[in-house]
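Chemist: Input sequences plus hints: build the corresponding full structure.
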Amino acid sequence: MALNIADSSRRMDSEAPDHNTREATLDLGQIAAAVRRQRWIFVAWVLLGLVAGIAHLATTPKSYQASAVLLLTGQTNTNIDEVTLVDGESVSEITIENALQVLQSQRLALRVVDQLDLTQDERYLSERQSQLALMTGQIKNVIRSLLSPLTGGEAPAATPEVVVTPEMEQERLREGVADRLQQRVRIYRIGQSSALTIIFETQSPELSADLANAYVQGYTEDIVEANQAVNEQTATWLSLRIAELGDEAREALTAVERFRVQNGLVESAEGLISSDSVRRVNDEYAVALADEARGRALVAAYESVLAMGPEALKDRGTRVLIPNNDEPVSILQQEFDQFLARRDEVLENFGAENPELVRLEAQIDDLASRLYNETQQAAARARGSLDVASERVTALRETLAKLVEANAVAGQALIELRALEQRAEAVSNLYEALLIQAERANQQRTLPVSNVRVLSLATVPLDPSSPSTVRTLGLGMILGLMAAALHTGLREQRERFVRTGSDVTERLGQRFLGYLPAVGGLPGPRRRRVVGPETILLESEALPPQPVRLPDVDLPVLRWPQSQFTETLRSIRLASDLALPGEGARIIGVTSLNPGEGKTTVAMNLAAVLAAGGQRTLLIDADLRKADLSLRLGLTGRSGLTSIATNQVPVEHAMTEMGSTGVDVIGSEGPNLGSLAYDVLSSPSLERMLAEARNTFRFIVLDLAPLGPVIDARLCLNFVDQVVMVAAWGQTPRKAISYNLAHDPLVRSRLLGIVLNLVDLKALPRYSATDMQPAYSAYYQEAAGTRG
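Anchor point for the sequence shown: position 491 equals 482 in this note's numbering, and the numbering is continuous, going up by one each time.
Just so you know, the hints here were simulated from the structure itself, not pulled from any lab data.
By construction, the Cβ of each residue, glycine as well, lies at the ideal position given by its N, Cα and C atoms.
Treat each hint with caution, since some may be false.
[Claimed, not checked] Here are the simulated EDC-like cross-link-like pairs (lysine to aspartate or glutamate), alpha carbons at most 20 angstroms apart as the crow flies: (1) Lys753 to Glu483; (2) Lys53 to Glu113; (3) Lys53 to Glu118; (4) Lys393 to Glu275; (5) Lys53 to Asp454.
[What the hints assert, rightly or not] Have a look at the derived ranges for each label pair, beta carbon to beta carbon: (6) Asp108 to Arg462: 27 to 37 angstroms; (7) Thr127 to Leu41: 15 to 25 angstroms; (8) Gly480 to Ser83: 43 to 53 angstroms; (9) Val451 to Pro140: 44 to 54 angstroms; (10) Leu41 to Glu158: 51 to 61 angstroms; (11) Gln253 to Asn420: 24 to 34 angstroms; (12) Leu448 to Gly167: 23 to 33 angstroms; (13) Gln208 to Leu116: 16 to 26 angstroms; (14) Leu565 to Leu41: 49 to 59 angstroms; (15) Leu470 to Gln174: 24 to 34 angstroms; (16) Gly587 to Ile702: 17 to 27 angstroms; (17) Thr127 to Gly587: 46 to 56 angstroms.
Modeler: Written as structure tokens, this is what we have:
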């Protein structure tokens, strides 16, 4: 539950806050008041803590602490780095945790034990324990012995007796010392770095430094030995692996050659023989196809010219169609062109009748016939060449098809060959790489390597580290304060009495009427005749009447009219007026939960305060069992309330005036009239007498019996207007009041409020920081008070 800090100065006893709010609020004023109340408990516990601290300092031997610092660096074994591909430059969290495990291991502890010969070192074996450690060990042994019957199972079976040799005993001692070392070594990481601090604390400063340095040296040597062992293992593994890879490389190369021979895969400088043949034939086939195409085109050209006849050759446009790749035809064409040019020249210069023109025409005809014949011969030669080209194309096509088919089979074998060659190459490369690694491993086998640096070695401490006087005494004080706080909390929790106005308003939910300090000097019981119920009922004559006026009574309200006591009673009158405004008569009953809480004193003084205000006041002793009011005033043995209720005497015979207070009093014939209480207090005569008294008196105060043990007070509640409950400060339980009010609705409905009596004003501020101490508390130095 969350707690809120509340300002105690803002709380008033007259206001009752919500119950839930109060539960969730922690009042600093209440805490301070509790500390003031229980201050001696705090003093006692703090002193006890200091004494315990001093005793611990006196009985605890001094210890000295020494420390050394290691720095973890990256991986220095290059063989492991390159073979495993691990980054060795950085130090990971796992590396640091591994280092911590090694430093805390039994193996390293045994190394330190052997190095320093701790099994024979009296400085380590004869260390004294503090009294606190001895007591703790004894307590653990007792608890273990008590729990062993509960946790233990069946008795272990009997085992054959083992003969312990001196060597076995020495080994047990060695392991026991190592176990103590493991428990005592302290290892801390410095911040987020990879530096580790090794701390040892013993009763010898030299031994502390030796142990810390031995741990540093042992860990460094262990790392070096571990790296050397790794190098040895790495070199051995590399040797075996190299031998295996050498065999695998040879087998792979042999498999390549065997496969090539089996499949006839003979290679030239440019590749396989079958592939070269295909490329060559394919080139020849392309050339043959081109020759065939040219031959077909040449034959077609010759045939188109021959189809025109010899006469068409005279036309220069027709002769252009004749291919010029045949030399005889080309010569005839040139000669033919010369005669045609001569003819055109003669025709142009000499005309058509020139005889030269006739001769030229004859020659041209002869040349045309010869050119036609030569063209026929050229066409025949072209057809022969075409036939040869066609035959070559056919032959090459068939050869190429056969080669392609053979090369396809060789291609599948070639794929397998390439796979074998790649495997052989990979094995060869790995073999060469491991050869290089093996050479490096052989070099590092002779070189000590470590990934640890010693930043600082432990020095012999000059001053003891424990027990620290300041820390021990401070811890003793803190434990004392904690124990005192717990003790105070338990006492405060068990505090069940009404002490403050807030107890009345907040815990009981009733109006708080004020504090009545404990006062002395009140009149005690007077020696008078005491009568019993038989005397009142059997005597034929009534008891003698009361005197007209009693001697003056020494009351606090008369002696100290300006005191806190008197002001509290005046506040009760004010509360009564506010609760029942008006001028009518008022009957006020004064009661308490238990006897001895001062209700009679309050009733007497309240009646005096009411009468001092100029109002006629009647005070009636309605506590027939104790009759403390009548005993104090000397009214016993005379007519009283019982006589009036039984109609033996008129009211005037039983009434007297209480000194000079102006208060009329009706007493009781005596105490121990409990057997008559029911008949008297519930009688119509008493009710009639009170009704008549309302016509004469402004205030009627009834000193009622306590509510707790008897029902007498409840018999009067039917004709009582208001009830004032008196609670003894620090004596009346809160739960008792709450229980009685909860189970008696009539009392609760008539209750004007609760007044705290017998208050120790000096102790009051220790219980409530909000209640004001009376201004005139110096008047009340006497601790004793008269209780009714």
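Chemist: Run every hint past the structure and note whether it holds.
Modeler: Hint-by-hint comparison with the structure:
In summary, the hint linking lysine 753 to glutamate 483 is supported, as the alpha carbons are separated by about 19 angstroms, within the 20 angstroms threshold. For the given pair, lysine 53 sits about 17 angstroms from glutamate 113 by alpha-carbon distance, which is consistent with the 20 angstroms threshold. The hinted pair formed by lysine 53 and glutamate 118 meets the criterion: a straight-line CA distance of about 10 angstroms does not exceed 20 angstroms. Straight-line distance between C-alpha atoms of lysine 393 and glutamate 275 comes to about 15 angstroms, which keeps the hinted pair within the 20 angstroms bound.
A hinted pair counts as satisfied when its Cα atoms are at most 20 angstroms apart, and lysine 53 with aspartate 454 qualifies at roughly 9 angstroms. The beta-carbon spacing between aspartate 108 and arginine 462, approximately 34 angstroms, falls within the hinted interval of 27 to 37 angstroms. The hint said 15 to 25 angstroms for the Cβ distance between threonine 127 and leucine 41, and at roughly 21 angstroms that hint holds. Remark: the range hint 43 to 53 angstroms for glycine 480 to serine 83 is upheld by a beta-carbon distance near 50 angstroms.
In this structure the hint that valine 451 and proline 140 lie 44 to 54 angstroms apart at CB holds, the actual value being about 49 angstroms. Checked against the given bound of 51 to 61 angstroms, the beta carbons of leucine 41 and glutamate 158, roughly 52 angstroms apart, stay inside it. As the Cβ distance of glutamine 253 to asparagine 420 is approximately 26 angstroms, the hint placing it in 24 to 34 angstroms holds. Roughly 28 angstroms separates the CB atoms of leucine 448 and glycine 167, a value that falls within the hinted 23 to 33 angstroms.
Taken as a hint, the range 16 to 26 angstroms holds for the pair glutamine 208 and leucine 116, whose Cβ atoms sit roughly 22 angstroms apart. Judged by the Cβ atoms, the range 49 to 59 angstroms given for leucine 565 and leucine 41 holds: they are separated by roughly 53 angstroms. Distance hint check for leucine 470 and glutamine 174: the Cβ-Cβ separation is about 25 angstroms, which falls inside the suggested range of 24 to 34 angstroms. At about 19 angstroms, the CB distance of glycine 587 to isoleucine 702 agrees with the hint of 17 to 27 angstroms.
Remark: the range hint 46 to 56 angstroms for threonine 127 to glycine 587 is upheld by a beta-carbon distance near 51 angstroms.
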